[in-house]
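**Student:** Going down the list, the protein sequences come from chains S and V. Mapping of the first sequence onto the working numbering: position 189 corresponds to residue 202, and the numbering continues sequentially without gaps. Mapping of the second sequence onto the working numbering: position 234 corresponds to residue 249, and the numbering continues sequentially without gaps.
Hints are computed from structural coordinates only; laboratory data are not their basis. Just so it is clear, CB atoms sit at the ideal spot from N, CA and C, and this is done for glycine as well. Mixed in with the good hints, there may be bad ones.
Claimed, not checked - Straight-line distance between alpha carbons at most 30 Å, and here's what the computed DSS-like set of lysine-lysine pairs gives: (1) K341/V x K250/S; (2) K166/S x K44/V; (3) K153/V x K54/V; (4) K86/S x K44/V; (5) K166/S x K86/S; (6) K342/V x K166/S; (7) K155/V x K231/S; (8) K166/S x K45/V; (9) K250/S x K155/V; (10) K86/S x K341/V; (11) K86/S x K153/V; (12) K250/S x K342/V; (13) K166/S x K250/S; (14) K54/V x K231/S; (15) K231/S x K341/V; (16) K54/V x K44/V; (17) K155/V x K45/V.
Stated by the list, open to error - Far from chain S by the CB rule (all over 10 Å, computed), these chain V residues: (18) A33; (19) V37; (20) K54; (21) P57; (22) M71; (23) L109; (24) S152; (25) L162; (26) Q169; (27) V193; (28) L201; (29) L230; (30) G333; (31) K342.
Claimed, not checked - One side of the interface only, derived from the structure: several residues of chain V facing chain S at Cβ under 10 Å: (32) F114; (33) R150; (34) I151.
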Amino acid sequence: MADLSSAMRSFCSLEQLAEGDSAFHRLSPGAKLTITVVYAVCVISFPSRSLSALVPFAAYPILAMALSGTPWKTLLQRIAVAAPFVVFTALSNLLLDRRALYFLGPIPVSGGLLSCLSILIKAFLCVSAVLLLVSTTSMTALTAQLIELHVPKIFCLQLTLTYRYISVLIQQAQQMYTAYQLRSCSRRGIQMRDMGCFLGQLLLRSYDQASRIYCAMKCRGYDGTYHVRNQPPAAAKDILTAGGAAAFFF
Amino acid sequence: MHMADALLSPAVGGAMSAVSAVAIGYSVKKISGKDFDEKQIPMMGVMGAFVFAGQMINFTIPGTGSSGHIGGGILLAAVLGPFPALLTLTAVLLIQCLFFADGGLLALGCNIFNMGVCACLIGYNAIYKPILQRRISKQKITLASILGVVISLQLGAFSVVLETMASGVTELPFSAFVALMQPIHLAIGLVEGIVTAAVLCFLYSTRPELLSTPLEQKKLDRTVSVKRVLIAFALAAAVLAGAVSLYASSNPDGLEWAMEKVAGTTELERDDSVHNAAGDVVENTAILPDYAFSDGSGTAAAGLIGSVMTLAIAGGAGFVIYTAKKKHATH
């Protein structure tokens with residue numbers, strides 16, 4: 014199934030990127046998380062018709078991508094598939110607000126055009142900042158950072174497990190899908206009436222898988238607590254970078 | 016139905032994150048309480064992965080030529096119980112936000128509320144559980160899941176409308192937005208509800224204990240959970256009302272119009288303290304409020320040239336770093 018295999022591919026490619034080594038990769042996950050959140054808050058705090066003020070914010074993704082050696086193509090592909098809802102809202106602004114605010118040469122510029130572009134730029138900037146974060150930081154490091162930030166350990170352990178087992182379950186779903194296709198006489202896709210059975214089977218498989226995982230964890234001494242290696246304290250360079258970036262965005 | 020960062024204002028994003036954080040904190044407390052079952056953690060982890068894979072399996076909707084997929088909130092709550100289900104769905108939404116650009120970090124709070132809290136806590140506790148509490152049968156499972164999914168999705172879609180309106184980024188009038196979102200999500204909800212019902216009926220005939228265990232657990236602390244849902248409701252309502260009033264105070268056109276109809280004047284005596292406080296919050300959260308591109312073509316052209324130059328400098332610097340790195344790698 015196209016969806017399933019492309020999901021697998023994107024996981025793998027982001028995970029491989031996160032293994033890389035560059036000045037940006039070496040920053041602590043905490044510093045990168047801070048930079049991303051401050052950046053996103055700054056970007057979305059602009060009023061709905063601002064445009065020129067938003068454009069300079071593209072400097073951060075451009076520079077960070079160059080520093081970390083993240084290929085543009087991967088990120089642009091991700092951004093292209095993201096959030097049809099944003100595009101819908103942006104276009105509705107374009108159609109609803111047609112009053113020309115002023116003329117740029119012979120071209121009338123309407124408020125709707127400005128707010129439409131503004132929403133699209135904001136979406137582009139926020140999405141690229143988040144993708145930069147995950148393409149330079151491994152999920153393990155991010156989870157450890159979340160624990161450091163006092164996010165409940167139960168949630169973090171469960172997040173790690175979900176992340177780890179997505180590929181396993183996608184593989185199982187793919188096997189079941191292939192088996193279904195081979196028996197369905199050239200009809201494409203899964204029929205809605207078979208969906209209960211299909212998803213139900215997948216759910217039962219997941220349930221049994223979880224029981225086996227629990228037994229395996231028990232054999233290795235799991236007692237309901239989640240142990241992580243202590244994170245090294247934030248280095249001066251991390252604090253400086255995060256602080257400097259935040260000040261720059263403001 | 017994922018909300019995106021670009022459609023939010025910082026005030027709405029922050030308020031919804033706070034509401035969702037409270038719901039998650041409560042769920043964690045509830046799960047790790049005195050009857051904590053350590054087996055539940057791997058179960059939640061794998062079920063999260065199941066929902067993730069399940070959302071990617073599209074099925075053909077007969078007679079329409081289009082396809083749909085499940086959301087999974089009610090399904091998870093039916094198998095795991097409401098609180099573990101909320102945590103599980105939160106993890107799924109976080110991973111989708113990070114790896115698939117669905118939503119965004121600041122919109123995560125909104126998405127957890129719209130898709131997680133509405134389905135796992137409100138839809139499950141208010142509809143699914145009461146219908147199945149006394150006796151489970153296939154008919155009742157079907158009714159409970161269709162109603163549960165439809166109502167959770169309606170609540171979720173309505174929250175999306177409120178959050179977007181409160182952020183003030185869309186030109187769509189409230190009524191048109193609601194008239195657009197609710198019927199679409201009614202159709203989606205019906206299809207998703209039927210599929211959820213089919214999955215739960217399948218589980219009921221193969222492993223009935225999977226469905227009955229979460230329902231039995233809840234019988235013990237029924238009063239507590241109802242109270243909690245009510246509190247969550249009240250809290251969300253208060254926060255949303257606050258956010259909407261912030262929006263209204265910064266965009267008075269619609270209000271003034273309504274006031275003129277009702278009172279015959281746009282001026283009204285009022286105690287300004289709350290209004291001023293709200294205005295201060297808006298002013299403080301908009302970091303560069305006066306930097307907009309809307310006051311005349313002269314400034315606009317200057318702004319355009321300035322931003323293109325900044326972009327060019329940043330792009331040039333990026334290009335230099337890229338080529339330098341490449342050269343370094345080949346040496």
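**Student:** Would you assess whether V193/V, listed as outside the interface, keeps its beta-carbon beyond 10 Å of every beta-carbon in chain S?
**Tutor:** At roughly 14 Å from the nearest Cβ of chain S, V193/V sits farther out than 10 Å, so the non-interface label holds.
**Student:** Take the C-alpha atoms of K86/S and K341/V, compute the straight-line distance between them, and say whether it is at most 30 Å.
**Tutor:** 17 Å, holds
**Student:** Take a quick look at whether K231/S and K341/V sit within 30 Å of each other, Cα to Cα.
**Tutor:** 48 Å, violated
**Student:** Can we trust that G333/V is non-interface, i.e. its beta-carbon lies farther than 10 Å from all of chain S?
**Tutor:** For G333/V, whose nearest Cβ neighbour in chain S is about 4 Å away, the distance does not exceed 10 Å, so it is violated.
**Student:** Take the C-alpha atoms of K341/V and K250/S, compute the straight-line distance between them, and say whether it is at most 30 Å.
**Tutor:** 25 Å, holds
**Student:** Any Cβ of chain S at or closer than 10 Å to K342/V, or is the non-interface label fine?
**Tutor:** Since the minimum Cβ distance to chain S is about 13 Å, K342/V lies beyond 10 Å and the statement holds.
**Student:** Using 10 Å as the Cβ threshold, decide whether F114/V counts as touching chain S.
**Tutor:** 6 Å, holds
**Student:** Between the alpha carbons of K250/S and K342/V, is the straight-line distance 30 Å or under?
**Tutor:** Given pair K250/S, K342/V holds - Cα atoms ~26 Å apart, limit 30 Å.
**Student:** For the pair supplied as a hint, K86/S and K44/V, confirm whether the alpha-carbon distance does not exceed 30 Å.
**Tutor:** 43 Å, violated
**Student:** Going by Cβ atoms, does M71/V stay more than 10 Å from chain S at every point?
**Tutor:** 4 Å, violated
**Student:** A cut-off of 10 Å on Cβ-Cβ distance, and A33/V was said to be off the interface with chain S. Does that hold?
**Tutor:** A33/V clear of chain S: closest Cβ-Cβ about 14 Å, beyond 10 Å.
**Student:** Taken at face value, is the distance from the CA of K45/V to the CA of K166/S at most 30 Å?
**Tutor:** It holds: about 14 Å lies between the C-alpha atoms, which stays within 30 Å.
This entry does not satisfy hints 4, 5, 6, 7, 9, 11, 15, 20, 21, 22, 23, 30, 33, 34, going by the numbered hints stated previously.
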